[in-house]
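Enquirer: These protein sequences, in sequence, are chains Y and P.
For any residue, its number in the numbering used here is found by taking its place in the first sequence, counting from 1, and adding 247.
For any residue, its number in the numbering used here is found by taking its place in the second sequence, counting from 1, and adding 4.
Rather than coming from a laboratory, the hints here were simulated on the basis of the structure.
The C-beta atom is built at its ideal place from N, Cα and C for all residues, glycine as well.
Honestly, I wouldn't trust all of these hints.
Capping the alpha-carbon separation at 20 Å, the derived lysine to any residue pairs in SDA-like fashion look like this [said to hold, decoys possible]:
hint, chain 1, residue 1, chain 2, residue 2
1, Y, Lys270, P, Leu41
2, P, Lys114, Y, Val308
3, Y, Lys270, P, Met371
4, P, Lys114, P, Leu188
5, P, Lys291, P, Met445
6, Y, Lys270, P, Thr373
7, P, Lys34, Y, Ala333
8, P, Lys114, Y, Thr304
9, P, Lys369, Y, Pro272
10, Y, Lys336, P, Glu340
11, P, Lys32, Y, Ala333
12, P, Lys83, Y, Arg330
13, P, Lys114, Y, Ser307
14, P, Lys415, P, Glu340
15, Y, Lys270, P, Val37
16, P, Lys28, Y, Val258
17, P, Lys28, Y, Phe265
18, Y, Lys336, P, Lys367
19, P, Lys369, Y, Thr269
20, P, Lys462, P, Glu303
21, P, Lys28, Y, Arg330
22, Y, Lys336, P, Asp366
23, P, Lys369, P, Asn412
24, P, Lys32, Y, Thr269
25, Y, Lys336, P, Leu25
26, Y, Lys336, P, Ile82
27, P, Lys291, P, Arg424
28, Y, Lys336, P, Thr35
29, P, Lys32, Y, Arg330
30, P, Lys34, Y, Thr269
31, P, Lys114, Y, Leu305
32, P, Lys28, Y, Pro272
33, P, Lys28, Y, Phe262
34, P, Lys155, P, Ala210
35, P, Lys114, P, Gly235
36, P, Lys28, Y, Glu266
37, Y, Lys270, P, Leu42
To spell it out: a stretch of chain P is covered by chain Y in this simulated footprint if at least three of its residues, at any positions, have a beta carbon under 8 Å from a beta carbon of chain Y; those stretches are [to be verified]:
hint, region
38, 42 to 55
39, 58 to 67
40, 71 to 81
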Amino acid sequence: MDFVAQLTVFVLAIFLGFELITKVPPTLHTPLMSGSNAISGITLVGALLAAGHGGSTLISVLGFIAVVLATINVIGGFMVTNRMLAMFKRK
Amino acid sequence: MQIAQNWIDIAYLIAASLFILGIKGLAKPKTAVRGNLLAASGMGIAAVVTLLHHSIVSYEVIVAGLIIGAVIGAILAIKVQMTSMPQLIAMLNGFGGGASFALAAAEYFKGVDTTVAMAASGAAILIGAVTFTGSFVAFAKLQELIDGQPKGFPGMKLVNLILLVGAVAAIGYMTVTGQPNDTLFWGVVVAAALLGVMLVMPIGGADMPVVIALLNSYSGLAASAAGFVMGNSALIITGSLVGASGLILTQIMCKAMNRSLTNVLFGVMAEGGEAMDADEVYQGKIKASSPDEVAMILETAQRVVIVPGFGLAMAQAQHAVRDLADTLEARGATVEYAIHPVAGRMPGHMNVLLAEAEVSYDKLKDMDTINPTFEQTDVAIVIGANDVTNPLAREDKGSPIYGMPILNVDKARTVVVVKRSLSPGFAGLPNPLFAKDNTLMLFGDGKQAIIDTTAALKEG
Chain Y
248 MDFVAQLTVF VLAIFLGFEL ITKVPPTLHT PLMSGSNAIS GITLVGALLA AGHGGSTLIS
308 VLGFIAVVLA TINVIGGFMV TNRMLAMFKR K
Chain P
5 MQIAQNWIDI AYLIAASLFI LGIKGLAKPK TAVRGNLLAA SGMGIAAVVT LLHHSIVSYE
65 VIVAGLIIGA VIGAILAIKV QMTSMPQLIA MLNGFGGGAS FALAAAEYFK GVDTTVAMAA
125 SGAAILIGAV TFTGSFVAFA KLQELIDGQP KGFPGMKLVN LILLVGAVAA IGYMTVTGQP
185 NDTLFWGVVV AAALLGVMLV MPIGGADMPV VIALLNSYSG LAASAAGFVM GNSALIITGS
245 LVGASGLILT QIMCKAMNRS LTNVLFGVMA EGGEAMDADE VYQGKIKASS PDEVAMILET
305 AQRVVIVPGF GLAMAQAQHA VRDLADTLEA RGATVEYAIH PVAGRMPGHM NVLLAEAEVS
365 YDKLKDMDTI NPTFEQTDVA IVIGANDVTN PLAREDKGSP IYGMPILNVD KARTVVVVKR
425 SLSPGFAGLP NPLFAKDNTL MLFGDGKQAI IDTTAALKEG
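Only chain Y is shown next, with the shape it has when bound in the complex (with noise of 0.2 Å):
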């Protein structure tokens, strides 16, 4: 992808993002902080691909601290969403 289509992508999802957030209330603020933490372990792909590449030594080591790092903002944000948000819903 070419760097214009990329900025494209990037200046059009702020814009979406803009909306989406202010149409969350503030009761949900916690949870929206602990849900865009585990969506932005999407980083996880980057770094699937770097620890999978097979190169030096150094790449696998960077790519691994990456996949770990990753899944735990992945795994414990959704799981500490669902969490909050599981009170929020009874009653």
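For this one, chain Y is given, so just place chain P on it according to the hints.
Expert: Chain P only, in chain Y's frame:
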């Protein structure tokens, strides 16, 4: 099995769409759980198709990383107490920044061949490392491993500026020349790591909600930059969504504290007029009350508003407060909760703490909704909140907190303030609310005071 790049990209698009639907679900508590599950399934799809990518030749490192990360993540999510949620979020922000940093570094050592990739990997390394170290300083402050007071030394801002300019210049140099330079690379890493520490150290405990929101935004931007390095639209989209989210929350927090972002970042408190003498404000005007007296007033109350602050969570009084509210409701009164945006230690924290005590979310009212109703309120009960109820913010133009939006509890017929002593809040100011004619002070431990009041109410 290997699949074509196009199919992988389409799977990423589906994942990104599911993330967007997930955040959309968070617009209402009813749809929020489903939203979270949609987002999680998007992540599952993205991860699975990535594993089928042709460039992945070995799975040992991947599997080890996934297992270790999943175990740590699950333990953190299950064990964390709701009062410690800000610490967990600070940690997750840090891990997010760290992941983007490690990813961009791996790409750098694989060899970045385009100008865009070089500039973007520089940005991801810089923002990622700042987020990583900054978040851990924030964590240490919240966990009280280090003193929450602002810390700094003369010339700190200048040092920060030099570090930032130096790091940007080094990235710029590598980008323009197109020559990766490992010495410069490690220089950027060290500068960014130091910068993260020194940016958060001077920020005081009361401003932590802003810092957490801002670091949340940074972790998103770092992911986005990593997306530019890899030419991966899923990362770009998701990173910018998170970046926007953190930025909006940062703005909300700043507005709620009447501080500009610059003031928060550089640890500047608003200039006050002459210092107010607490004795002068309180002298002879404080009416200390008892649980029995408060219960007597509550007996005839039709409408009661509870104003919780972080002190309520510190005293573990959420369930006691819920009991009191249940008792009042059984007697026919309406009870609502007034939540100031900075009532907890991060955006929305107080709501989570009350939801944990099984308070229904439709009784949690934000500041703009509840403020007009105080005039029709018989009793407002303030527990563990101080600065956010201080009428100086409304009335005294010389006050450092003048202009900060507050909960107008003083408009209620009777105000009951549950507090250990007359000590000031974060702003260090006396609170004239305590000295008003319609205010009763109920001194003591928040939880015990509420339990005693509920007991007296049930007897009477």
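Enquirer: For each hint, tell me whether it holds in the structure or not.
Expert: Structure-based check of all given hints:
no.: 1; hint: Y:Lys270 - P:Leu41; verdict: 19 Å, holds
no.: 2; hint: P:Lys114 - Y:Val308; verdict: 12 Å, holds
no.: 3; hint: Y:Lys270 - P:Met371; verdict: 17 Å, holds
no.: 4; hint: P:Lys114 - P:Leu188; verdict: 16 Å, holds
no.: 5; hint: P:Lys291 - P:Met445; verdict: 6 Å, holds
no.: 6; hint: Y:Lys270 - P:Thr373; verdict: 16 Å, holds
no.: 7; hint: P:Lys34 - Y:Ala333; verdict: 10 Å, holds
no.: 8; hint: P:Lys114 - Y:Thr304; verdict: 11 Å, holds
no.: 9; hint: P:Lys369 - Y:Pro272; verdict: 11 Å, holds
no.: 10; hint: Y:Lys336 - P:Glu340; verdict: 18 Å, holds
no.: 11; hint: P:Lys32 - Y:Ala333; verdict: 13 Å, holds
no.: 12; hint: P:Lys83 - Y:Arg330; verdict: 11 Å, holds
no.: 13; hint: P:Lys114 - Y:Ser307; verdict: 10 Å, holds
no.: 14; hint: P:Lys415 - P:Glu340; verdict: 16 Å, holds
no.: 15; hint: Y:Lys270 - P:Val37; verdict: 16 Å, holds
no.: 16; hint: P:Lys28 - Y:Val258; verdict: 19 Å, holds
no.: 17; hint: P:Lys28 - Y:Phe265; verdict: 12 Å, holds
no.: 18; hint: Y:Lys336 - P:Lys367; verdict: 14 Å, holds
no.: 19; hint: P:Lys369 - Y:Thr269; verdict: 17 Å, holds
no.: 20; hint: P:Lys462 - P:Glu303; verdict: 9 Å, holds
no.: 21; hint: P:Lys28 - Y:Arg330; verdict: 18 Å, holds
no.: 22; hint: Y:Lys336 - P:Asp366; verdict: 11 Å, holds
no.: 23; hint: P:Lys369 - P:Asn412; verdict: 13 Å, holds
no.: 24; hint: P:Lys32 - Y:Thr269; verdict: 12 Å, holds
no.: 25; hint: Y:Lys336 - P:Leu25; verdict: 18 Å, holds
no.: 26; hint: Y:Lys336 - P:Ile82; verdict: 18 Å, holds
no.: 27; hint: P:Lys291 - P:Arg424; verdict: 14 Å, holds
no.: 28; hint: Y:Lys336 - P:Thr35; verdict: 9 Å, holds
no.: 29; hint: P:Lys32 - Y:Arg330; verdict: 16 Å, holds
no.: 30; hint: P:Lys34 - Y:Thr269; verdict: 17 Å, holds
no.: 31; hint: P:Lys114 - Y:Leu305; verdict: 10 Å, holds
no.: 32; hint: P:Lys28 - Y:Pro272; verdict: 11 Å, holds
no.: 33; hint: P:Lys28 - Y:Phe262; verdict: 14 Å, holds
no.: 34; hint: P:Lys155 - P:Ala210; verdict: 14 Å, holds
no.: 35; hint: P:Lys114 - P:Gly235; verdict: 15 Å, holds
no.: 36; hint: P:Lys28 - Y:Glu266; verdict: 10 Å, holds
no.: 37; hint: Y:Lys270 - P:Leu42; verdict: 18 Å, holds
no.: 38; hint: 42 to 55; verdict: holds (count 8)
no.: 39; hint: 58 to 67; verdict: holds (count 7)
no.: 40; hint: 71 to 81; verdict: holds (count 8)
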